[in-house]
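S.K.: Each chain, written out:
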Amino acid sequence: MTWVNAVIQGVMLGGLYALFACGLSLMFGVMKVINLAHGDLAMVAAYIALGVVTITHVPAIWSFVLVVPIFAALGYVLQRTLLQASLNRGVITTLLVTFGLSVVIENALQQFLSANSRELNIGSLVSDSFSIGSQITIAYLDLIILVVAVAVLLGLQYFLSSSRSGRMIRAVADDREAAQLAGIDYRHVFGIATAIAFGTVALAGLAYGMYTQFDPTTGTTALLLYAFEAVVIGGLGSLWGTLAGGILLGVAQQVGAQYHAADQVLAGQLLFLIILVLRPQGITSRRELA
Amino acid sequence: MSAVGQDTQAAGGQHPRVAARGPAAGRVVTRSRRSALWAGLAAVVAIAILGYLPYLVFSDTTGLMVQFFQLLIMASMWNLLAGYAGLVSVGHQAFIGLGAYFVVLLAMHGLSPFTAIPIATAAAGVVGLPVWWLVSRLRSGYFAITMWVIASVCMLIIIQISSLGSGTGIALSGLTQSPTLLAADTYWATLAVAVLAIAGIYALLRSRLGLALTAIRDDEAGAKSIGGRVGSVQRLVFLVTALGCGAAGALYAISQQFIVPTAAFDVSFTAEMIFITIIGGIGTIEGPIIGTIVFFILQQTLSADGTWYWIVLGLVAIAVAIWAPRGIWGLVSEKFGIRLFPVGYYVWPAGEQPRRLLARSARP
Amino acid sequence: MTAAGTTGASPLLEVAGLSVHHGQLQALHDVSIAVPAGQVHAMIGANGAGKSTLLRTIAGLHAPTAGSIRLDGRDITGLRPERRVAAGIALVPEGRRLFPSLSVEENLLIGASSRRTGEWSIDAIYDLFGWMRDRRRQRAAQLSGGEQQAVAIGRALAANPRVLLLDELSLGLAPVVVRRIYATLPQLAASGMTILLVEQDVSQALAVASHVHCLLEGRVTLAGPPARLTGAQIEAAYFGVSAASNGNGYGNGSPPGTPASAGPASAGPASASPAISGPAISGPARQADQPPGVHL
Ligand SMILES: Nc1ncnc2c1ncn2[C@@H]1O[C@H](COP(=O)(O)OP(=O)(O)O)[C@@H](O)[C@H]1O
Ligand SMILES: [Mg+2]
Numbered sequence: 002m003t004w005v006n007a008v009i010q011g012v013m014l015g016g017l018y019a020l021f022a023c024g025l026s027l028m029f030g031v032m033k034v035i036n037l038a039h040g041d042l043a044m045v046a047a048y049i050a051l052g053v054v055t056i057t058h059v060p061a062i063w064s065f066v067l068v069v070p071i072f073a074a075l076g077y078v079l080q081r082t083l084l085q086a087s088l089n090r091g092v093i094t095t096l097l098v099t100f101g102l103s104v105v106i107e108n109a110l111q112q113f114l115s116a117n118s119r120e121l122n123i124g125s126l127v128s129d130s131f132s133i134g135s136q137i138t139i140a141y142l143d144l145i146i147l148v149v150a151v152a153v154l155l156g157l158q159y160f161l162s163s164s165r166s167g168r169m170i171r172a173v174a175d176d177r178e179a180a181q182l183a184g185i186d187y188r189h190v191f192g193i194a195t196a197i198a199f200g201t202v203a204l205a206g207l208a209y210g211m212y213t214q215f216d217p218t219t220g221t222t223a224l225l226l227y228a229f230e231a232v233v234i235g236g237l238g239s240l241w242g243t244l245a246g247g248i249l250l251g252v253a254q255q256v257g258a259q260y261h262a263a264d265q266v267l268a269g270q271l272l273f274l275i276i277l278v279l280r281p282q283g284i285t286s287r288r289e290l291a
Numbered sequence: 006m007s008a009v010g011q012d013t014q015a016a017g018g019q020h021p022r023v024a025a026r027g028p029a030a031g032r033v034v035t036r037s038r039r040s041a042l043w044a045g046l047a048a049v050v051a052i053a054i055l056g057y058l059p060y061l062v063f064s065d066t067t068g069l070m071v072q073f074f075q076l077l078i079m080a081s082m083w084n085l086l087a088g089y090a091g092l093v094s095v096g097h098q099a100f101i102g103l104g105a106y107f108v109v110l111l112a113m114h115g116l117s118p119f120t121a122i123p124i125a126t127a128a129a130g131v132v133g134l135p136v137w138w139l140v141s142r143l144r145s146g147y148f149a150i151t152m153w154v155i156a157s158v159c160m161l162i163i164i165q166i167s168s169l170g171s172g173t174g175i176a177l178s179g180l181t182q183s184p185t186l187l188a189a190d191t192y193w194a195t196l197a198v199a200v201l202a203i204a205g206i207y208a209l210l211r212s213r214l215g216l217a218l219t220a221i222r223d224d225e226a227g228a229k230s231i232g233g234r235v236g237s238v239q240r241l242v243f244l245v246t247a248l249g250c251g252a253a254g255a256l257y258a259i260s261q262q263f264i265v266p267t268a269a270f271d272v273s274f275t276a277e278m279i280f281i282t283i284i285g286g287i288g289t290i291e292g293p294i295i296g297t298i299v300f301f302i303l304q305q306t307l308s309a310d311g312t313w314y315w316i317v318l319g320l321v322a323i324a325v326a327i328w329a330p331r332g333i334w335g336l337v338s339e340k341f342g343i344r345l346f347p348v349g350y351y352v353w354p355a356g357e358q359p360r361r362l363l364a365r366s367a368r369p
Numbered sequence: 003m004t005a006a007g008t009t010g011a012s013p014l015l016e017v018a019g020l021s022v023h024h025g026q027l028q029a030l031h032d033v034s035i036a037v038p039a040g041q042v043h044a045m046i047g048a049n050g051a052g053k054s055t056l057l058r059t060i061a062g063l064h065a066p067t068a069g070s071i072r073l074d075g076r077d078i079t080g081l082r083p084e085r086r087v088a089a090g091i092a093l094v095p096e097g098r099r100l101f102p103s104l105s106v107e108e109n110l111l112i113g114a115s116s117r118r119t120g121e122w123s124i125d126a127i128y129d130l131f132g133w134m135r136d137r138r139r140q141r142a143a144q145l146s147g148g149e150q151q152a153v154a155i156g157r158a159l160a161a162n163p164r165v166l167l168l169d170e171l172s173l174g175l176a177p178v179v180v181r182r183i184y185a186t187l188p189q190l191a192a193s194g195m196t197i198l199l200v201e202q203d204v205s206q207a208l209a210v211a212s213h214v215h216c217l218l219e220g221r222v223t224l225a226g227p228p229a230r231l232t233g234a235q236i237e238a239a240y241f242g243v244s245a246a247s248n249g250n251g252y253g254n255g256s257p258p259g260t261p262a263s264a265g266p267a268s269a270g271p272a273s274a275s276p277a278i279s280g281p282a283i284s285g286p287a288r289q290a291d292q293p294p295g296v297h298l
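Residue numbers (my numbering), protein chains in the order written: chain A, 2 to 291; chain B, 6 to 369; chain C, 3 to 298.
There's no promise every hint is true.
[Said to hold, decoys possible] Where chain B lies over chain A, by a calculated footprint (3+ residues, C-beta under 8 angstroms):
id : stretch
1  : 81-92
2  : 105-115
3  : 275-282
[Unchecked claim] Ranges between beta-carbon positions, derived for each pair:
id : chain 1 : residue 1 : chain 2 : residue 2 : range
4  : B       : P184      : A       : V278      : 46 to 54 angstroms
5  : B       : V317      : C       : G19       : 45 to 53 angstroms
6  : B       : G342      : C       : S193      : 54 to 62 angstroms
7  : C       : A68       : B       : G342      : 24 to 32 angstroms
8  : B       : G172      : A       : V278      : 24 to 32 angstroms
9  : A       : G156      : C       : G147      : 34 to 42 angstroms
10 : C       : G97       : A       : A263      : 47 to 55 angstroms
11 : C       : L173      : A       : A263      : 54 to 62 angstroms
12 : B       : I124      : A       : A116      : 32 to 40 angstroms
It is worth saying that the hints were derived from the structure and are not from the lab. Yeah, the Cβ is synthetic: ideal placement off N, Cα and C, and Gly gets one too.
Let the hints inform the model, and build the full structure from the sequences given.
M.R.: The structure is reproduced here in structure tokens:
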């Protein structure tokens with residue numbers, strides 16, 4: 002029964018990882034670059050939320066109303082300036098610039114906000130839970146995060162398939178040059194895609210900050226790699242793959258932790274490596290690896 | 006740099022079409038040879054002086070130099086990998102950590118740590134083989150970040166091994182020399198590895214492979230069209246960098262005498278390699294040398310506060326990557342037309358001639 | 003700028019002194035062409051002659067190192083590709099380049115991104131290609147080559163261009179499919195659209211165009227109305243070798259109304275009919291990699 006519980010907890014955790022992964026996956030799908038500052042941006046969002054809560058005294062759980070739009074705007078601006086300038090130089094430059102951003106963000110957070118661990122205080126919600134039988138306990142927060150993740154993925158799916166902007170994003174992802182020939186300003190489309198990705202990463206950062214403690218290094222030591230592993234496990238090009246990847250990663254980690262507490266992270270990474278060897282295109286995707 | 010004298014031979018003999026480019030090209034080669042001749046002489050003198058240094062200064066100075074040369078080795082490796090083979094890794098701390106722990110392991114079994122350096126280096130290279138097998142099919146971002154995961158896996162595995170000190174770290178045994186002699190030995194070993202590393206990279210780039218590497222640096226897609234060679238050249242470079250970083254890790258273990266997994270596998274190592282290379286000038290041998298000097302000065306002036314040091318470095322590296330992508334050395338060599346390490350294929354503006362040579366030889 | 007063979011009206015599309023480099027390689031040397039409104043011009047030339055480079059430069063995908071591009075008198079040389087679409091230039095690129103994961107209809111809707119108005123609504127495009135309406139929900143990747151080419155044309159039409167650039171419509175398609183695709187061109191021309199098309203398949207190009215330009219190693223070697231050009235002239239301009247030394251000729255590649263047998267090779271374009279502009283052939287002798295049009 003403890004194993005069943007581990008799996009269930011893993012599924013819950015998987016929602017959080019999917020939330021982290023979908024922004025990374027979207028940016029990679031559209032711009033063909035991996036944003037190495039992804040995890041640190043989530044931490045920035047969590048710290049901003051901390052500030053918002055301190056100043057406005059709104060409950061932390063509502064901080065997203067402010068933080069997500071701020072982040073989306075930040076994403077658009079960053080894409081149109083620094084990231085576009087790097088993209089003009091090439092993929093390698095962009096990779097290096099996002100890596101540089103990651104280091105700068107992490108150290109700036111440490112410099113200005115100290116290296117101490119923080120958390121977003123959501124009162125009793127963090128410990129409230131309900132039980133199924135005698136062994137399985139599900140925290141409301143975990144359930145909320147999973148539901149939010151699924152809702153975000155559904156919304157994103159709907160946006161991409163049904164809206165004009167979503168169609169342009171898919172067209173640019175397919176063939177940037179052909180999109181230009183059809184009259185699309187791909188830079189603007191990149192900006193939109195990045196804004197969405199930043200919005201989701203902000204949401205993920207907030208969820209993480211409510212879920213557990215964080216500090217300035219959490220973004221690189223944990224979140225970036227988890228997001229990337231979820232993307233690879235699930236396979237690119239499909240948001241459901243991202244959810245599946247997040248859940249598989251979460252389950253692997255929880256089952257690993259069940260086996261030996263120190264094995265939690267390692268178990269997820271070994272699953273990632275196994276998938277990479279056996280099925281490099283991910284479990285859901287049929288596409289070639291880019 | 007005893008190879009300087011062969012310059013004409015290399016340019017004219019191996020690649021007759023290069024020599025046939027006419028007087029303009031010839032002039033550039035000559036100029037580059039002259040500065041290289043001086044550079045060669047200077048290098049010999051410098052190495053001699055550096056080798057004599059422990060008799061002149063106290064061990065705190067040689068200790069700093071040890072750090073300097075370790076950085077130089079790592080940055081030169083990363084530059085070879087990214088600047089020439091087009092492979093951006095953010096996980097080469099894997100080989101540093103492995104090199105360090107291999108030395109610890111060998112010393113535990115009674116080997117002198119200094120004797121253990123070459124063995125630990127080779128072991129890191131051996132680990133590089135399956136790692137390459139795993140990551141070789143990945144491109145750019147995937148490659149970069151998968152290397153990071155691999156470094157993390159290595160660290161997590163070592164944390165599980167209690168005989169290696171688990172997560173709390175382990176002292177290096179077998180260093181029985183007096184502190185003064187130990188400092189000098191460490192210094193000499195580091196200097197020797199640094200000279201070997203740079204001479205090795207120089208030789209690699211001057212060899213026939215150098216042409217392929219330069220082509221990959223300038224245009225990977227174009228170089229791909231010449232067929233399967235790109236893959237094998239990239240593998241060779243990857244393994245060389247695994248060896249180089251393994252050696253740097255071995256030296257790191259000896260100079261630290263106590264190692265902790267989170268420090269030995271810290272991504273900061275790679276961040277330093279990346280920033281040094283970008284700021285100094287990616288895709289040139291001189292770049293990492295200049296970069297390490299700049300870096301070291303920064304480190305000494307800003308080290309009072311570690312976070313500021315990283316913030317400044319990161320911002321400068323971002324700015325350089327976008328607005329001056331050839332780095333400090335690129336600006337200098339452009340302005341004064343000097344090349345300290347003529348690898349033969351540098352006599353044209355980067356990117357043009359080698360590619361066309363390749364393209365032509367590919368389609369007869 | 004010689005706009006030979008045109009009616010004298012000011013050209014809608016005017017390319018003057020265009021030079022384009024790919025790195026060190028110069029793909030176009032001082033190319034000048036003018037296409038008057040409502041006419042169909044064809045650009046022929048061997049593989050690698052620079053035809054695609056020319057169209058892509060007109061569409062804004064390459065920046066020229068010299069020269070200018072004008073649309074209806076307005077200099078558009080510095081405009082980004084998407085702004086040129088808004089100005090009225092649409093390119094059907096070589097290899098079709100549809101968005102494979104988008105449906106047929108979505109491909110057309112993307113083509114209408116510039117929001118130019120005109121007669122080419124999505125419905126009008128469905129009327130032009132009868133089969134398309136029923137299969138509009140199908141993914142572009144699932145279509146056959148000829149169907150994809152039709153969608154690519156439809157996508158360009160959806161932008162309601164004034165100038166339509168077509169790059170090798172026949173590439174990789176069966177002759178019967180090619181004929182079907184080309185059969186739609188007169189309809190487009192009749193609607194007043196100005197067309198510049200590129201072909202390696204000479205007979206196809208000569209059949210639809212009122213004016214042909216021949217490109218050889220990045221230079222215009224011949225230009226004129228098909229009726230005034232002989233097979234030998236075209237062959238010489240196309241390959242850069244004298245017609246006599248190229249034994250295989252291409253009688254069935256010659257357009258209707260062209261003299262079947264060529265004069266001596268020395269009677270190059272310079273001494274030919276005055277309607278033919280373009281410099282004498284000066285390119286080096288070159289091995290023909292593919293005879294034009296013989297497969298039709
Ligand atoms: N993107 C590019 N980069 C480098 N060289 C190119 C590129 N595009 C075309 N070329 C070169 O320019 C020349 C003209 O090519 P292209 O315009 O495609 O010819 P065509 O369409 O007539 O076959 C060829 O030698 C080709 O190799
Ligand atoms: Mg072409």
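S.K.: Evaluate each hint against the coordinates.
M.R.: Status of each hint after checking the structure:
A count of 5 residues in the stretch 81-92 of chain A with a Cβ less than 8 angstroms from any Cβ of chain B is obtained; the coverage claim is therefore met, three being the minimum. Look at the stretch 105-115 of chain A against chain B: 6 of its residues bring a Cβ nearer than 8 angstroms to a Cβ of that chain, three or more, so the hint holds. With 3 residues carrying a beta carbon less than 8 angstroms from a beta carbon of chain B, the stretch 275-282 of chain A meets the three-residue requirement, and the given coverage holds. Between P184 (chain B) and V278 (chain A) the Cβ separation comes to about 47 angstroms, which falls inside the hinted range of 46 to 54 angstroms.
In this structure the hint that V317 (chain B) and G19 (chain C) lie 45 to 53 angstroms apart at CB holds, the actual value being about 49 angstroms. At about 59 angstroms, the CB distance of G342 (chain B) to S193 (chain C) agrees with the hint of 54 to 62 angstroms. As the Cβ distance of A68 (chain C) to G342 (chain B) is approximately 28 angstroms, the hint placing it in 24 to 32 angstroms holds. Distance hint check: the CB atoms of G172 (chain B) and V278 (chain A) are about 27 angstroms apart, consistent with the given range 24 to 32 angstroms.
Separation of G156 (chain A) from G147 (chain C) is about 37 angstroms and conforms to the stated range, judged on CB atoms against 34 to 42 angstroms. The hinted range of 47 to 55 angstroms is satisfied by G97 (chain C) and A263 (chain A), whose Cβ atoms lie roughly 53 angstroms apart. At roughly 59 angstroms, the beta carbons of L173 (chain C) and A263 (chain A) sit within the given window of 54 to 62 angstroms. As the Cβ distance of I124 (chain B) to A116 (chain A) is approximately 38 angstroms, the hint placing it in 32 to 40 angstroms holds.
Checked against the numbered hints above, the structure violates none of them.
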